[in-house]
Amino acid sequence: DSGVTQTPKHLITATGQRVTLRCSPRSGDLSVYWYQQSLDQGLQFLIQYYNGEERAKGNILERFSAQQFPDLHSELNLSSLELGDSALYFCASSKSGQGYQETQYFGPGTRLLVL
Amino acid sequence: GENVEQHPSTLSVQEGDSAVIKCTYSDSASNYFPWYKQELGKRPQLIIDIRSNVGEKKDQRIAVTLNKTAKHFSLHITETQPEDSAVYFCAASTTSGTYKYIFGTGTRLKVLA
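From first to last, the protein sequence lines are chains A and B.
Everything in the first sequence is counted per the working numbering, starting at 353 for the first residue and increasing by one.
Everything in the second sequence is counted per the working numbering, starting at 18 for the first residue and increasing by one.
Among these hints, one or two may not hold up.
Selected chain B positions facing chain A (in silico; Cβ < 7 Å) [claimed, not checked]:
1. R60
2. P61
3. I65
4. A87
5. K117
6. F120
7. T122
Here are the simulated distance ranges between beta carbons [as the list claims (entries may be wrong)]:
8. K85(B) <-> G368(A): 45 to 51 Å
9. T27(B) <-> D423(A): 40 to 46 Å
10. Q62(B) <-> D392(A): 14 to 20 Å
11. L465(A) <-> T86(B): 44 to 50 Å
12. G355(A) <-> T27(B): 30 to 36 Å
13. E56(B) <-> T367(A): 40 to 46 Å
14. S390(A) <-> E22(B): 17 to 23 Å
15. E22(B) <-> S417(A): 28 to 34 Å
16. E56(B) <-> T357(A): 41 to 47 Å
Covered, in the sense of this in silico footprint (three residues per stretch, anywhere, with C-beta under 8 Å from a C-beta of chain B), are these stretches of chain A [said to hold, decoys possible]:
17. 361 to 373
18. 424 to 437
FYI, nobody ran anything at the bench for these hints, they're computed from the structure.
These numbers come from a predicted model, not from an experiment.
For each residue, glycine too, the CB sits at the ideal point set by N, CA and C.
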């Protein structure tokens, strides 16, 4: 157990809908990262938050947004869902997100299925 | 932009043999290289990492080597066991714009009993 929690574990929804994925980082970690992993694919970095502020953006679609709250948990919002958004969504956390040699610890993931 | 190439994409070895997975990175400023193991449907888990001031690191049956000049690093697993079967991802830190990881595309390792 990495100490990173994600809810829900599974989510089934329809095209055009909106969903929210939630992540709680390890105790003491200030940075949260979101990744998308499609079937048999690698880990695509979406976005990073550090202490409530957006720190880095990757291949995140405009239909997706995220935020990090004062208690450091983060939410990833996916809207106008398409079939191709079906994937495993992981969040990871690290101590500060500023060190060049920081380990990221991954949560168990949320499996999203868009029908 | 930065990228990390990982080879091979699939690897089958007999139980007890060694497995080697290689990654090449493009950002010469990268200085941290973690390896993650991901079993089917589960989270990526860190198995070993190496920092740029070190050329090799070992942890029991797992070792990682780093060649900064050539910008490549490798994962070595000796005496492979069936439970080593998983997808392995390499990553390199990058400081372009801000600190983050770039992941390789993964290697599916099958250890045949």
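Cross-check of the supplied hints:
With a least beta-carbon distance of about 4 Å to chain A, the hint placing R60(B) at the interface is held under the 7 Å criterion. At its closest, the beta carbon of P61(B) sits 5 Å from a beta carbon of chain A; the interface hint therefore holds under the 7 Å criterion. A cut of 7 Å between beta carbons decides the hint on I65(B): the least distance to chain A is about 11 Å, and the hint is violated. Here the hint on A87(B) is broken, as its CB sits about 20 Å from the closest CB of chain A, past 7 Å.
Against a cut-off of 7 Å between C-beta atoms, the interface hint on K117(B) holds, since the closest Cβ of chain A lies about 5 Å away. A least Cβ separation of about 5 Å between F120(B) and chain A falls short of the 7 Å threshold, and the interface hint therefore holds. A distance limit of 7 Å between C-beta atoms decides the matter here; for T122(B) the minimum to chain A is near 4 Å, and the interface restraint holds. Checking the proposed 45 to 51 Å range against K85(B) and G368(A) shows it holds: the Cβ atoms sit about 49 Å from each other.
The beta-carbon spacing between T27(B) and D423(A), approximately 42 Å, falls within the hinted interval of 40 to 46 Å. Here the CB-CB span from Q62(B) to D392(A) is close to 19 Å, well matched to the stated 14 to 20 Å. At about 46 Å, the CB distance of L465(A) to T86(B) agrees with the hint of 44 to 50 Å. The beta-carbon spacing between G355(A) and T27(B), approximately 32 Å, falls within the hinted interval of 30 to 36 Å.
The hinted window of 40 to 46 Å between E56(B) and T367(A) is violated, with their beta carbons roughly 30 Å apart. For S390(A) paired with E22(B), a C-beta distance near 19 Å keeps the hint of 17 to 23 Å intact. Between E22(B) and S417(A), the C-beta spacing of about 31 Å keeps the proposed range 28 to 34 Å intact. As the Cβ distance of E56(B) to T357(A) is approximately 19 Å, the hint placing it in 41 to 47 Å is violated.
With 0 residues having a beta carbon nearer than 8 Å to a beta carbon of chain B, the region 361 to 373 of chain A misses the requirement of three or more and the stated coverage is violated. Requiring three or more residues with a Cβ within less than 8 Å of a Cβ of chain B, the coverage given for the region 424 to 437 of chain A is violated, as only 0 such residues are present.
The structure does not agree with the numbered hints 3, 4, 13, 16, 17 and 18 stated previously, though it agrees with the rest.
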